[in-house]
Amino acid sequence: MRLLTHNMLSSNIKGVTNGFPLLIEVEKVVEKQVDFNEDFLRNMFAKIEWKALVEASRTMGYTELPENSESSMLNSDEFLRKFHHALLELHLEEGALVCPETGRKFPVNKGIPNMLLHEDEV
Amino acid sequence: MVSSCIGVSSTCSFGTSLQWGPGLHTFISRGHIIGRNASVQVLNRTHNNSRKDIGIGIGIGIGKRVYFTAVSGGGRRMQTVVNAAAVETLQKGIAEFYDESSGIWENIWGDHMHHGFYEPDSSVSLSDHRSAQIRMIEEALRFASISDDPMQKPRQIVDVGCGIGGSSRYLARKYEARCQGITLSPVQAQRAQALAASQGLDDKVSFQVADALNQPFEDGQFNLVWSMESGEHMPDKTKFVNELARVAAPGGTIIIVTWCHRDLSPSEESLSPEEKELLNKICDAFFLPAWCSTADYVKLLESLSLQDIKAADWSENVAPFWPAVIKSALTWKGITSLLRSGWKTIKGALAMPLMIEGYNKGLIKFAIITCRKPVS
Chain X
1 MRLLTHNMLS SNIKGVTNGF PLLIEVEKVV EKQVDFNEDF LRNMFAKIEW
51 KALVEASRTM GYTELPENSE SSMLNSDEFL RKFHHALLEL HLEEGALVCP
101 ETGRKFPVNK GIPNMLLHED EV
Chain C
1 MVSSCIGVSS TCSFGTSLQW GPGLHTFISR GHIIGRNASV QVLNRTHNNS
51 RKDIGIGIGI GIGKRVYFTA VSGGGRRMQT VVNAAAVETL QKGIAEFYDE
101 SSGIWENIWG DHMHHGFYEP DSSVSLSDHR SAQIRMIEEA LRFASISDDP
151 MQKPRQIVDV GCGIGGSSRY LARKYEARCQ GITLSPVQAQ RAQALAASQG
201 LDDKVSFQVA DALNQPFEDG QFNLVWSMES GEHMPDKTKF VNELARVAAP
251 GGTIIIVTWC HRDLSPSEES LSPEEKELLN KICDAFFLPA WCSTADYVKL
301 LESLSLQDIK AADWSENVAP FWPAVIKSAL TWKGITSLLR SGWKTIKGAL
351 AMPLMIEGYN KGLIKFAIIT CRKPVS
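Sequence order for the protein chains is X and C. Sequence positions in the first sequence follow UniProt numbering and run 1 to 122. Sequence positions in the second sequence follow UniProt numbering and run 1 to 376.
So here's chain C without its partners, still in its complex pose:
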């Protein structure tokens, strides 16, 4: 059965989904790929990404936009999955976002670029947030049962998605360990190293511009593999988790603290359209690829035969964070800083209420997932 229809998809440059009936599908999607023709795989997908039917499309770049057209053998749910060119675009976007925004964040919030950990339903004042961010690190270490014992504490740590190195410096100091940090943002890497030097940690922490999906390290180097709120940026969760496992030393611990969407119930194939729409808006503003659930992470870790897998939902413990960030943005310092920064930062700031909405609806979860790499 052949029919044709034309559709326009959403503006998330990462995945657009349309639902059409079986037949020949033609649709046009808008994306941002710089100066290239992009080939697009059109996949028929269920929520767990099993491929049922594959089609081919081509894209034509006109100016900064790429128009894709894709044909498929049929099926219900069509989704454009963009190839390596788009991953490069995402990574460039992430790098530019952080190149632009890190300074203003550091200026107002300090060197930890992650949520604070609070008692549920507590009211907090602005001065509590820094200690809450430190508490987040400590709670994560405790959850993963990282030992302080001199014989057992970590010696080599990798901070995947290290930002300006807040965690790296904290962990290096706490355990008197060596820490390597990787980030896509050259500005962040430089700042991280400068902060390390100014704090006398220059010999303990080193930073590289590198890709978490292709970590530039030999296998099995690190006793502690740390990913604090960077998982959200990874376009390929499988590759991301594989790399975490690869660079972990036998017996080493992996700690992932990340934003996920809620677990799907057994009868659900995917999130509702309204839920997806909310996430897409957030994706666009924060340079995030498609979200997955905590359960998806657990499955990935299980598939790699990692041990002692534990997961928890800490959404209640981070609830005060986004309102606090918004409050800080609305101060004189916040507003003037934002106006001096670039559009990416402003767009990110404007999307903050969407995070609150996501949490309030039980759609967005703040999750911790930890495990251990087997000794042999």
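One chain only, chain X, in its complex shape:
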């Protein structure tokens, strides 16, 4: 699971008011090379929850992203590369996503999160 996906996922357990962002429990991180596409990054920048991305990438062991961001940073190639790396090249292979309110863990196995709710969470 890459952080682009993580930035879209939230916990929708019954009663949870804010299930985003999910915390990450890391067991295994894998880095996979992805072709750099500047247009895509510019497009995604406006839609990404930046703080969630920064926090998630730090949990995954990548500390290069700035705490805050603004669109002028997109002019910097260095920034774009870091953004690209954090968003697309870091994969959680094994671990869990954790609901920020209830602490409930959604397992991630072989890179695939299992977001199914139990009967009493619906």
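By construction, these hints were calculated from the structure, which means they are not laboratory data. Since this is a predicted model, take the numbers as computed values, not measurements. Just so you know, not all the hints are guaranteed correct.
Said to hold, decoys possible - These stretches of chain C come out as covered by chain X in the derived footprint (C-beta under 8 Å, 3 or more residues):
1) 191-204
2) 214-224
Said to hold, decoys possible - Straight-line C-alpha distance at most 20 Å; calculated SDA-like pairs for lysine to any residue:
3) X:105 with C:218
4) C:239 with X:118
5) X:14 with C:237
6) C:92 with X:109
7) X:51 with C:218
8) C:239 with X:120
9) C:153 with X:45
10) C:92 with X:45
11) X:32 with C:197
12) C:347 with C:325
13) C:92 with X:13
14) X:14 with X:114
15) X:82 with C:203
16) C:153 with X:42
Claimed, not checked - Residues of chain C clear of chain X, computed beta-carbon distances all greater than 12 Å:
17) 87
18) 180
19) 207
20) 276
For glycine and all other residues, C-beta sits at the position ideal for the given N, C-alpha and C.
Starting from the structure of chain X, add chain C where the hints point.
Just chain C now, kept in the frame of chain X:
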């Protein structure tokens, strides 16, 4: 007025209906709920599910069966509606069915797990089916007026009930978009991701094990919400459609291609008993909950104030499909694969003639329903 009677209902684990007169009703129904006591709501229902009278029942699990008994204040048509425990059972059944069957399907038919689109009354050979399945995707996109224009084409797509990701990969490639797929089957999700990786699409498509009735996404994420032949599996159509609308971005398009039963005429309250019986048999084999009509979907979309709602009946365009599937099952490869697969797959295969019967009787319809989420 109090009377009691005992009845036995049909074996569809999802809804059984008996017709008894008013009074105290006691009936026993067979279902499959794993190890739990289940409470059952007994509702008096018309075809559009308006509740008139409510009763309570309890179930006792013995081994794998649950015996329900229910009492109600009275009324004509009684139907057991099973609660969350049964939805979980259905979902487990769906997951297991696809965990078991996906491999054999892929082996014979490839990575698209949906009907092909054919010219009406055409005769097709086995080699035409793959391109017919692709045509189905293209026809659906065309029906929904999805633009190829770089400024307007979809960028974020969700494939609800993605199977092994055939549509996800096709759409991601076609529009150079990102696609998220969700499925109840862990086997399918893994296979979908592996296929994406082998096709160089690993960075464009991602798959999750998730529930279409509780999509794990924040609101408004997707320009295109795609449900290709997964709606049939949704036990709660209202929730299903609500979720599709919730995750659609403002201005985004929703495309639902699904099996429905025929629309009811104004004078009809429900399908005939024979029609229901046929559908129940199909439900049982394919892990489907109760069917609804195309008109029901349109009403749901209207109730959510979605715009540009369009619907069409494509039953004539899919007619060659089930005979072709049956033919493929009867080949040496088909038979040996089935024998190596599990009972769920075999049972599903044996139910295929029922689909043909349903289509021939005008009971089963292959429908497309599309709409747009308002911009503001």
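Each hint, compared with the structure:
| no. | hint | verdict |
| --- | --- | --- |
| 1 | 191-204 | holds (count 3) |
| 2 | 214-224 | holds (count 6) |
| 3 | X:105 with C:218 | holds (18 Å) |
| 4 | C:239 with X:118 | holds (17 Å) |
| 5 | X:14 with C:237 | holds (19 Å) |
| 6 | C:92 with X:109 | holds (18 Å) |
| 7 | X:51 with C:218 | holds (16 Å) |
| 8 | C:239 with X:120 | holds (17 Å) |
| 9 | C:153 with X:45 | holds (18 Å) |
| 10 | C:92 with X:45 | violated (38 Å) |
| 11 | X:32 with C:197 | holds (11 Å) |
| 12 | C:347 with C:325 | holds (14 Å) |
| 13 | C:92 with X:13 | holds (19 Å) |
| 14 | X:14 with X:114 | holds (17 Å) |
| 15 | X:82 with C:203 | holds (16 Å) |
| 16 | C:153 with X:42 | holds (17 Å) |
| 17 | 87 | violated (7 Å) |
| 18 | 180 | violated (7 Å) |
| 19 | 207 | violated (6 Å) |
| 20 | 276 | holds (27 Å) |
The structure does not agree with the numbered hints 10, 17, 18 and 19 stated previously, though it agrees with the rest.
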